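Based on the sequences and whatever the hints tell you, model everything.
Each residue of the sequence shown is one higher than the one before, counting from 1 in my numbering.
Worth flagging that the hints you see were computed from the coordinates, not collected in a lab. As the structure is a prediction and not an experimental result, all values here were calculated from the model. Check before you lean on any hint, since a few could be wrong.
Pairs of lysine-lysine, DSBU-like flavour, derived with a Cα cap of 35 angstroms [unchecked claim]: (1) Lys439 to Lys392; (2) Lys256 to Lys176; (3) Lys255 to Lys219; (4) Lys320 to Lys100; (5) Lys176 to Lys20; (6) Lys392 to Lys320; (7) Lys157 to Lys403; (8) Lys385 to Lys353; (9) Lys385 to Lys320; (10) Lys320 to Lys336; (11) Lys157 to Lys219; (12) Lys127 to Lys219; (13) Lys20 to Lys100; (14) Lys439 to Lys336; (15) Lys336 to Lys403; (16) Lys320 to Lys157; (17) Lys353 to Lys255; (18) Lys127 to Lys320; (19) Lys336 to Lys392; (20) Lys256 to Lys392; (21) Lys127 to Lys157; (22) Lys353 to Lys392; (23) Lys157 to Lys256; (24) Lys18 to Lys127; (25) Lys219 to Lys256; (26) Lys439 to Lys10; (27) Lys403 to Lys439; (28) Lys100 to Lys157; (29) Lys403 to Lys385; (30) Lys20 to Lys439; (31) Lys353 to Lys403; (32) Lys176 to Lys18; (33) Lys353 to Lys256; (34) Lys127 to Lys100.
Here are the computed distance ranges between Cβ atoms for each label pair [unchecked claim]: (35) Glu285 to Glu305: 22 to 28 angstroms; (36) Val246 to Asn363: 36 to 42 angstroms; (37) Glu285 to Ala433: 49 to 55 angstroms; (38) Asn363 to Glu272: 24 to 30 angstroms; (39) Arg443 to Arg39: 24 to 30 angstroms; (40) Pro447 to Glu400: 36 to 42 angstroms.
Idealized CB from N, CA, C, for every residue including glycine.
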Amino acid sequence: MGWWKKDPLKLLRRSLGKDKLLTLPEDLASYGYDATTFRGEPIAVVMADCSEDIQTTVDFALEEGFKITTRGAGTGMSGGSVPIEGGIVLSCERMNSILKLDADEYIAIVQPGVVTAVLQEAAQRNKLFYPPDPSSYTASTLGGNVAENAGGLRCFKYGVTGHYVLGIEFVDGTGKLQLSGAFNNEDTEPELTPLLVGSEGTFGIFTRIALRLIEAPEKTVTLSAYYSTSEDALTCIEQIIQSGIVPSIVEYIDKKALSASANHLGLTYPNESEAQILLELDGSEEEVSTISPDVYQLLNSTAIEVNTAAEQSSRQQLWKLRRGISPSLSRLSLGKINDDIAVPRGCLSDFVKQISEIEIQYNLEIPVYGHAGDGNLHISILYDKNNNNSQKSAEEASREIFKSAIEIGGTITGEHGIGCAKRDYLPWQQSEAVLSLEKQIKRTLDPHGIFNPGKILI
1 MGWWKKDPLK LLRRSLGKDK LLTLPEDLAS YGYDATTFRG EPIAVVMADC
51 SEDIQTTVDF ALEEGFKITT RGAGTGMSGG SVPIEGGIVL SCERMNSILK
101 LDADEYIAIV QPGVVTAVLQ EAAQRNKLFY PPDPSSYTAS TLGGNVAENA
151 GGLRCFKYGV TGHYVLGIEF VDGTGKLQLS GAFNNEDTEP ELTPLLVGSE
201 GTFGIFTRIA LRLIEAPEKT VTLSAYYSTS EDALTCIEQI IQSGIVPSIV
251 EYIDKKALSA SANHLGLTYP NESEAQILLE LDGSEEEVST ISPDVYQLLN
301 STAIEVNTAA EQSSRQQLWK LRRGISPSLS RLSLGKINDD IAVPRGCLSD
351 FVKQISEIEI QYNLEIPVYG HAGDGNLHIS ILYDKNNNNS QKSAEEASRE
401 IFKSAIEIGG TITGEHGIGC AKRDYLPWQQ SEAVLSLEKQ IKRTLDPHGI
451 FNPGKILI
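Right, dumping it as structure tokens:
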């Protein structure tokens, strides 16, 4: 028996190079979690820096019977990059180069480990714009954004990540390098890009991504308004949109989220406020200058206080409370379930009321905030993880919120994905026929079932 049969990881290390395979306990622990409470324990972590490393790892996994969980920055909120069934974690963080940025063709070719903010800054230097803007943009990677079809603050006007993906190069479940979209010159082959976007690492491992860029807006104005009731705030949002104005960002923040962020950051807001709206308008100088007074007037008609800013530093001041919400909520309790429900925008008021009723029913605090323009709300269920009853109540409350969202015509996730966090609830939303078709696609691209086990489709 060869030495590699006693320890097959030695063969993988020899094939990749010793600096690309991590097996120390502290390294394995570092790659066993994401932004959720889910945890896993890989047997090894591969630090890939090229497509050949990925193909080598897939070939090894097929030969030795291992599973692979692909990971970017680990900022996900659905457990998507957690190796819940062990196996190998394949990290793309070293694949972090912008391979091409063509200002004439409005296209960027990137490796999957490029951080979202890095591409945005590179585009800006070329007077271009990459609109997808997940809240984790300073840390999250483009490979993860594409895998989750990430949303973000600018969804209402500019759409989600998938609207900017022109093509993907990827390694399939047989170890073969495949091309889709802008990378594929064979017009007769099926276009796989739409299937890969949002597949959450279950169909293949991305090696290169082609992204569409657009012209940068000339001007941006931020407006902040506080309201005495949530209903007034949400009604005002609908009035603005019904008037034909299309803000780039439409954020809603309730009293609990406001209070948590303000206390955490040492900031203030009107005491009588029960909700805040945060808007941004962008476009040409003329367009923004024309619509800003109309939006201000609509906000001010029922608001307690309205503030507006056009300069970057002043705009950032208005954003401080919103940016501070997520870290501040983590300080309020030992446990937190992050749900990202999306419902039809016209149903937001009724849905927020339902969440308040669930909050009372389960005796929990449930702050609500998020991207109201496209009906995507972030719902944070706070509980005591050291108290079994509190944790059980939180889980039951989460299920009730999922049911309410589906009944009202919405979805159990707006941008965070299914992963393992919402895997068991996917049949509530999708028919058996749809799930069966998705599983057939999975078997075609990953016939041996080695990619991201235990997620979405099981």
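Status of each hint after checking the structure:
{"no.": "1", "hint": "Lys439 to Lys392", "in the structure": "holds, 31 angstroms"}
{"no.": "2", "hint": "Lys256 to Lys176", "in the structure": "violated, 50 angstroms"}
{"no.": "3", "hint": "Lys255 to Lys219", "in the structure": "holds, 30 angstroms"}
{"no.": "4", "hint": "Lys320 to Lys100", "in the structure": "holds, 34 angstroms"}
{"no.": "5", "hint": "Lys176 to Lys20", "in the structure": "holds, 21 angstroms"}
{"no.": "6", "hint": "Lys392 to Lys320", "in the structure": "holds, 33 angstroms"}
{"no.": "7", "hint": "Lys157 to Lys403", "in the structure": "holds, 28 angstroms"}
{"no.": "8", "hint": "Lys385 to Lys353", "in the structure": "holds, 26 angstroms"}
{"no.": "9", "hint": "Lys385 to Lys320", "in the structure": "holds, 29 angstroms"}
{"no.": "10", "hint": "Lys320 to Lys336", "in the structure": "holds, 22 angstroms"}
{"no.": "11", "hint": "Lys157 to Lys219", "in the structure": "holds, 15 angstroms"}
{"no.": "12", "hint": "Lys127 to Lys219", "in the structure": "holds, 12 angstroms"}
{"no.": "13", "hint": "Lys20 to Lys100", "in the structure": "holds, 25 angstroms"}
{"no.": "14", "hint": "Lys439 to Lys336", "in the structure": "holds, 31 angstroms"}
{"no.": "15", "hint": "Lys336 to Lys403", "in the structure": "holds, 19 angstroms"}
{"no.": "16", "hint": "Lys320 to Lys157", "in the structure": "holds, 22 angstroms"}
{"no.": "17", "hint": "Lys353 to Lys255", "in the structure": "holds, 13 angstroms"}
{"no.": "18", "hint": "Lys127 to Lys320", "in the structure": "holds, 26 angstroms"}
{"no.": "19", "hint": "Lys336 to Lys392", "in the structure": "holds, 12 angstroms"}
{"no.": "20", "hint": "Lys256 to Lys392", "in the structure": "holds, 22 angstroms"}
{"no.": "21", "hint": "Lys127 to Lys157", "in the structure": "holds, 19 angstroms"}
{"no.": "22", "hint": "Lys353 to Lys392", "in the structure": "holds, 22 angstroms"}
{"no.": "23", "hint": "Lys157 to Lys256", "in the structure": "holds, 27 angstroms"}
{"no.": "24", "hint": "Lys18 to Lys127", "in the structure": "violated, 42 angstroms"}
{"no.": "25", "hint": "Lys219 to Lys256", "in the structure": "holds, 32 angstroms"}
{"no.": "26", "hint": "Lys439 to Lys10", "in the structure": "holds, 34 angstroms"}
{"no.": "27", "hint": "Lys403 to Lys439", "in the structure": "holds, 24 angstroms"}
{"no.": "28", "hint": "Lys100 to Lys157", "in the structure": "holds, 26 angstroms"}
{"no.": "29", "hint": "Lys403 to Lys385", "in the structure": "holds, 23 angstroms"}
{"no.": "30", "hint": "Lys20 to Lys439", "in the structure": "holds, 32 angstroms"}
{"no.": "31", "hint": "Lys353 to Lys403", "in the structure": "holds, 14 angstroms"}
{"no.": "32", "hint": "Lys176 to Lys18", "in the structure": "holds, 24 angstroms"}
{"no.": "33", "hint": "Lys353 to Lys256", "in the structure": "holds, 14 angstroms"}
{"no.": "34", "hint": "Lys127 to Lys100", "in the structure": "holds, 15 angstroms"}
{"no.": "35", "hint": "Glu285 to Glu305: 22 to 28 angstroms", "in the structure": "holds, 27 angstroms"}
{"no.": "36", "hint": "Val246 to Asn363: 36 to 42 angstroms", "in the structure": "holds, 40 angstroms"}
{"no.": "37", "hint": "Glu285 to Ala433: 49 to 55 angstroms", "in the structure": "holds, 51 angstroms"}
{"no.": "38", "hint": "Asn363 to Glu272: 24 to 30 angstroms", "in the structure": "holds, 26 angstroms"}
{"no.": "39", "hint": "Arg443 to Arg39: 24 to 30 angstroms", "in the structure": "holds, 28 angstroms"}
{"no.": "40", "hint": "Pro447 to Glu400: 36 to 42 angstroms", "in the structure": "holds, 39 angstroms"}
Checked against the numbered hints above, the structure violates hints 2 and 24; every other hint is satisfied.
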